[in-house]
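Q: What follows is each chain in one-letter form.
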Amino acid sequence: MKRKNLEKNSYTYMLLGLMAVTLLFFTILKGNLMWKGDVWLGMAMQFPEYGVITLGLMFCFICGKMDMSFMALGDFATIMAVRYMSAHADGASQVGVILVGILIALCIATVGGVINGLLVAGLDIPPVMATISMQLVWTGLSVALTNGNSVKGLPALYTEIGHKYLFGFLPVPLLIFLVVFLVCMFLLQHTVYGEKLYMVGTNIKAAQFSAVNTRRMVIGTYVLCDVICCIGCLIMISTMAGAKADYGTSYVMRCILILVLAGVLPNGGMGKIGNVLIAIVTIQIIATGVNMFSNLNTYYASLIWGALLLIVLIMSTRMGSGGFPFRLRAAKQGSGKA
Amino acid sequence: MLLMTGIDKRFGGVHALDHVNFAVRPGKVMCLAGENGCGKSTLVKIISGVYTRDEGEILFEGQPIHRITPADATRLGIQVIYQDLSIFPNLTVMENLAINSEITANRRIVNRKRWEQTAREALSKIGYEIDLYAKMGDLSVADKQLVAICRALLFNAKLIIMDEPTTALTKKEVDALFKTVRQLRDSGIAIMFISHKMEEIFEISDDVCIMRNGKNVYSGPTSELTKKDFTYYMTGRELVDNYFVPTNISKEPVLKVEHLTWKEKYHDVSFDLRKGEILGITGLLGSGRTELALSLFGLGKVDSGTILMNGKPVKITSPIAAQKLRIGYVPEDRLTEGLCLQQPIADNIMLASLKQLTRTLGTIRHDEVFEKSNEWVKTFSIATDDAHKHASTLSGGNQQKIVLAKWLNNDLDVLILNGPTVGVDIGAKQDIHALVHDLANNGLAVIIISDDLAEVVVNCSRVVVMKDGAIVGEMTGDEITEENILEVIR
Amino acid sequence: MDKAKLKRMTRRTEFYMFLVLILLAVIVQIKSGGRLITFPGIFTRLNTTVLRTMVVDGMFAMCCLVVMISGGFDLSFPAVAALSYSLATTICLNNGWCQTSPLAGLLLAAAIGWVLGMLNGWIIANFKLNTMIVTLGTQTFFTGVSMGLLALKEITSTLPEGMKAFGKAFLLESADPATGIRFTLSAMVIFLVLLCAIVSFILNKTMFGRALYAIGGNEVSAERAGYNVKRTKFLLYSSVGAVAGFIGMIRTCMESQSIPKAMVGREMTIIPAVILGGASIYGGEGTVFGTVVAVAIISLVSNSMLILGIDTYWQQFFNGLVILVGITVSALQARRKH
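Protein chains in written order, with the working numbering: chain A, 1 to 338; chain B, 339 to 828; chain C, 829 to 1166.
Quick caveat, the hints were computed from the structure, so don't treat them as lab data.
Incorrect hints may have been included.
As the list claims (entries may be wrong) - Here are the simulated DSS-like pairs of lysine-lysine, each with C-alpha atoms no more than 25 Å apart in a straight line:
1. B:Lys482 with C:Lys835
2. B:Lys473 with C:Lys833
3. C:Lys833 with B:Lys482
4. B:Lys716 with B:Lys693
5. B:Lys510 with B:Lys565
6. A:Lys205 with B:Lys693
7. B:Lys603 with A:Lys205
8. B:Lys383 with C:Lys1058
9. B:Lys727 with B:Lys693
10. C:Lys981 with C:Lys996
11. B:Lys451 with C:Lys833
12. B:Lys366 with B:Lys565
13. C:Lys1033 with C:Lys833
14. B:Lys710 with B:Lys662
15. A:Lys205 with B:Lys662
16. B:Lys517 with B:Lys482
17. B:Lys451 with C:Lys1033
18. B:Lys473 with C:Lys1033
19. B:Lys601 with B:Lys653
20. C:Lys956 with A:Lys272
21. B:Lys366 with B:Lys496
22. A:Lys205 with B:Lys727
23. B:Lys510 with B:Lys601
24. B:Lys653 with A:Lys205
25. B:Lys517 with B:Lys805
26. C:Lys835 with B:Lys473
27. B:Lys482 with B:Lys603
28. A:Lys205 with B:Lys639
29. A:Lys272 with B:Lys693
30. B:Lys653 with B:Lys594
31. B:Lys517 with B:Lys366
32. B:Lys603 with B:Lys510
33. B:Lys383 with C:Lys956
34. C:Lys1089 with C:Lys981
35. B:Lys451 with C:Lys835
36. B:Lys662 with B:Lys639
37. A:Lys164 with A:Lys36
38. A:Lys272 with B:Lys727
39. B:Lys710 with A:Lys205
Being a predicted model, the structure only gives us computed values, none of them experimental.
Next comes chain A alone, as it looks inside the complex:
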């Protein structure tokens, strides 16, 4: 029994090992600097925004669908929210304005999710194609409405969220991330939705033949994905103190990278939320570690991320089947064609 568990979780152990190796690497190079409280607090401030976005995208991946539009949509939604908030920033009730602003963003994200879902589940357009074009549409709208400039003028209270420590030690973004993480974990592991999601992701046709409402599942998953991504973007505008049509663009690839590293593949039906958390933290450790070298620019992190992904991919093909899901499944591709 024990051995079986070991095998089952081998990928988790490998990811943990990877995290330990990166930590060790930076500890050796930078000594105690890595272990200062400030460094970890800094990390806790940074990763929640893309961490939350990654968690959203995870649902799409488990469902076997791709979403390329989530950041463009998030940027658009937050632009609208910032516009509203800045227009009413002088009013008496800041809290009310902020809440309405958030609500606007989430509503737009919901609409965007429904459109994605309808294109994919309703019109049978391949997800990559549908969401790439939606990405162009949303970015286009954002650019058109802002002339490509950033929108500023958020209420002071709102910008504080992104920089504030609760009780002096708990960063607010981290708190939001933890809440979202727990909700996602609950959804995946303890609800009928999560149960069905893995089945739909594995074989959508079999799920349909088992009286699962697959269309509703797909649309719902896109909505969930886009709404959670939008929450991430709402944290982002708070730290950036404004919204812009291309603020989130660089996050698209980073989120996909994290998910793939965590073994959540767009083929669907696989992946554990715990692994995603480990991958997020590992990626952040690398970014922070690179930042500690004054002579290195931030793009070194991207170098390491890319190399890491490639090495993990190649290693996975060498280590046989146990828990490594990266191999191209020809059968699955073939059936997608019909």
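Given the coordinates of chain A, assemble chains B and C onto it according to the supplied hints.
A: Same frame as chain A, but now just chains B and C:
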């Protein structure tokens, strides 16, 4: 022509081929028969050079062959037509015909004229005509198969191996294929025909070689074999046909179908179904039998006509609606429609009835899923030690039991089984049949859709025969015999 | 032309795309008061900008097309191009090359691209991994190399003279009759025409090209038919890398500046254009003609905004809309077929 003696092959601990002997004579059709997983395809792969043998001798045209690669096999004149036909759906017929020989000739530049010439030459070998510029993917399976045969003939094939060529063909197409096969045979080409369908084997073959569990249990001329012996060799036991005896048929029909029509697929279909009976719907592939079932399950269209459940007209627009009306459907293709292979057995069993286990806020407890499905694992004696294992770890028969359990876990009035024992080994087949009999006698109305006539005859208390989208015959009781069905089916 | 051929032609997507292009051109011509094509002076600001956009996008689209035909998905070509041209330009600048002729720069960029492409090809051919995920990894990695490890700088005014002059070279010149300003047809158009011709020749007239279609159609069959799939894939990705580097350098010359960041996210506009042109993301489908037409439509739409009285900021939105509509229509068509 091809003589194989003492071929032995092991994969790890599995003894895939156990000293197999057989011979193919030129100008004859040799059938390689056997249930699924008996080692047929391993044998083919050894001949074509994909696998190497551990022991044994192969003589081709009197010459011993020691090591062989796929390219060598082609050079020697051995051509394999795989079940998936190895075609390129996105290319034209012409390209599909010519591409292999162009590659073999190591050409670099495409010469349309030469390609067209090659393609025409290939078609002329069996006098087959088709638009050379049609896209391969748009052709029917039968046409694709003929193209694949033509392509094989381009290499001056002396031995053509056809791997289960008839699975996706209608009866008419099978006849056309057999005509071509005989034509090839008469021109002196040896043909190795792989199949597990008895009627076909008796119709086409001169010699037959039957395999079971990696051994060949019979080889010799087909004419010396009776059908009864054949079944015995195939399955390894005397089959006792366990006929279904209905004991509990209700007066009122639970399901009544009146003048149901799906314009492109079938028209004016009417029948009724009572609790406790097993209704067989049979017909050739493309006769509309599967489409009819899909309409009853909410996945097919209904253009006109009515469906009555317990006397009330109903509209079935989706599988969810069907489930609410207590209709269950076990689909034809277990792998693509029935199972999520890379997910646990337990989750597969419970997929259609998660509502039962749903608690407040849509939550679910995984140990309950596990417990409940373990009950089914026990009742159906599904061969697994742990329901957490993936469904892909099971054999065909056990997988089919999962799909059955998935629906039986719902409270059903009507259960539609489409090809319930396709690709299932003989032991599991009997288990499944016995199970269905019990279900019917406990008050379930069952529809079995199958083109396996023996299965229909043994299990059904009433049979409806479909042809070209219409019902052409209905039989009950003693009228149900293979001969009677065959008479109306073609 | 015989009837069967005509019938076959009208069944193709490219045919309708071409009709759409002509229709669009006529609309633009009328709405702009005859600015698209004029007589006797042929060139106007409008048509030269359309062509300039087409040159770079069209050439990249060719790279993308061949990969898609083989059933792959390349996200890395902009990163390959960026690393190639910025590194090549830096080397040329440091050594004082390319003062008179850009040849050294072009060859150098192509060589660098070739090496990078080989990495892609090696991983994809040898490990049978999902191409999208691999190229995502290499894209991140290459970006890290160019901007992190090598820290390549932007080169604008100091760009070697030979490159600048090359980028300004023109074939024909004529004056706009309305304003008298002279406009030129950039010599780079030759490269587009040449590349299209070469790709078209390779795809249709060589066994290598047919191998790409065959592999995209059914990889297992291609292997059984006797193609060396591994070698073909390696050759494909390495040559695409070389071509991407070359195109990147041409772009540098045309823009008279080398900016490492300039290509980021470019794949997101070029891949949709290729899909719009009739290439299938499942592989095995796609033509040079269709791709060129799609690129032409997009550059026509985006460049005639101003003349049609639409704010240029709406350009991206309309691009997205055109692609969305195109993809939806072809998806509906495919659905009706089944």
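Q: Take the hints in turn and mark each one as holding or not.
A: Taking the hints in turn, this is what the structure says about them:
1. Distance hint between B:Lys482 and C:Lys835 is fulfilled; the C-alpha atoms sit about 22 Å from each other, no more than 25 Å.
2. With a C-alpha separation of about 13 Å, the suggested pairing of B:Lys473 with C:Lys833 holds against the 25 Å cut-off.
3. For the hint pairing C:Lys833 with B:Lys482, the CA-to-CA distance comes to about 22 Å; that is within 25 Å, so the pair holds.
4. A C-alpha spacing of about 22 Å is found between B:Lys716 and B:Lys693, which places the hinted pair at or below 25 Å, so the restraint holds.
5. About 23 Å separates the Cα atoms of B:Lys510 and B:Lys565, which keeps this hinted pair within 25 Å; it holds.
6. This hinted pair checks out: A:Lys205 and B:Lys693 have alpha carbons roughly 19 Å apart, not beyond 25 Å.
7. Restraint check for B:Lys603 and A:Lys205: satisfied, since their Cα atoms lie roughly 21 Å apart, inside the 25 Å limit.
8. Taken as a hint, the B:Lys383 and C:Lys1058 pair is honoured in the structure, with Cα atoms around 22 Å apart against an allowance of 25 Å.
9. Restraint check for B:Lys727 and B:Lys693: the C-alpha separation of about 23 Å stays at or below 25 Å, so the hint holds.
10. At roughly 23 Å between alpha-carbon atoms, C:Lys981 and C:Lys996 fall within 25 Å of each other, so this suggested pair holds.
11. A C-alpha spacing of about 17 Å is found between B:Lys451 and C:Lys833, which places the hinted pair at or below 25 Å, so the restraint holds.
12. Our distance criterion of 25 Å between C-alpha atoms is met by B:Lys366 and B:Lys565, whose separation comes to about 21 Å.
13. This hinted pair checks out: C:Lys1033 and C:Lys833 have alpha carbons roughly 19 Å apart, not beyond 25 Å.
14. With a C-alpha separation of about 21 Å, the suggested pairing of B:Lys710 with B:Lys662 holds against the 25 Å cut-off.
15. With a C-alpha separation of about 19 Å, the suggested pairing of A:Lys205 with B:Lys662 holds against the 25 Å cut-off.
16. Taking the CA atoms of B:Lys517 and B:Lys482, the gap is near 16 Å; set against the 25 Å cutoff, the hint holds.
17. A hinted pair counts as satisfied when its Cα atoms are at most 25 Å apart, and B:Lys451 with C:Lys1033 qualifies at roughly 12 Å.
18. For the suggested pair B:Lys473 and C:Lys1033, the alpha carbons sit about 18 Å apart, so the restraint of at most 25 Å is met.
19. Between B:Lys601 and B:Lys653 the CA atoms are separated by roughly 17 Å; this keeps the pair inside 25 Å, and the hint holds.
20. Straight-line distance between C-alpha atoms of C:Lys956 and A:Lys272 comes to about 24 Å, which keeps the hinted pair within the 25 Å bound.
21. A C-alpha spacing of about 11 Å is found between B:Lys366 and B:Lys496, which places the hinted pair at or below 25 Å, so the restraint holds.
22. For a cut-off of 25 Å, the pair hint linking A:Lys205 to B:Lys727 stands: about 21 Å separates their Cα positions.
23. With a CA separation close to 22 Å, the supplied pair B:Lys510 and B:Lys601 stays within the 25 Å bound.
24. Under the criterion of a C-alpha separation no larger than 25 Å, the hint pairing B:Lys653 with A:Lys205 is consistent with the structure, at around 22 Å.
25. In summary, the hint linking B:Lys517 to B:Lys805 is supported, as the alpha carbons are separated by about 23 Å, within the 25 Å threshold.
26. Between the alpha carbons of C:Lys835 and B:Lys473 the distance comes to roughly 13 Å, so the proposed pair stays at or under 25 Å and holds.
27. A hinted pair counts as satisfied when its Cα atoms are at most 25 Å apart, and B:Lys482 with B:Lys603 qualifies at roughly 22 Å.
28. Pair hint A:Lys205 plus B:Lys639 holds up; C-alpha atoms about 17 Å apart against a cutoff of 25 Å.
29. Of the pairs offered as hints, the one joining A:Lys272 and B:Lys693 holds, with about 24 Å between alpha carbons and a cut-off of 25 Å not exceeded.
30. With a C-alpha separation of about 13 Å, the suggested pair B:Lys653 and B:Lys594 falls inside the 25 Å cut-off, and the hint holds.
31. A C-alpha spacing of about 14 Å is found between B:Lys517 and B:Lys366, which places the hinted pair at or below 25 Å, so the restraint holds.
32. Among the hinted pairs, B:Lys603 with B:Lys510 is consistent with the structure: their alpha-carbon atoms are about 18 Å apart, no more than 25 Å.
33. About 23 Å separates the Cα atoms of B:Lys383 and C:Lys956, which keeps this hinted pair within 25 Å; it holds.
34. Taking the CA atoms of C:Lys1089 and C:Lys981, the gap is near 10 Å; set against the 25 Å cutoff, the hint holds.
35. Straight-line distance between C-alpha atoms of B:Lys451 and C:Lys835 comes to about 21 Å, which keeps the hinted pair within the 25 Å bound.
36. For the suggested pair B:Lys662 and B:Lys639, the alpha carbons sit about 18 Å apart, so the restraint of at most 25 Å is met.
37. Distance hint between A:Lys164 and A:Lys36 is fulfilled; the C-alpha atoms sit about 19 Å from each other, no more than 25 Å.
38. Note on A:Lys272 and B:Lys727: the hinted pairing holds, with a Cα-Cα distance of about 17 Å set against a maximum of 25 Å.
39. For the proposed pair B:Lys710 and A:Lys205, the alpha carbon gap of about 24 Å is at most 25 Å, so the pair holds.
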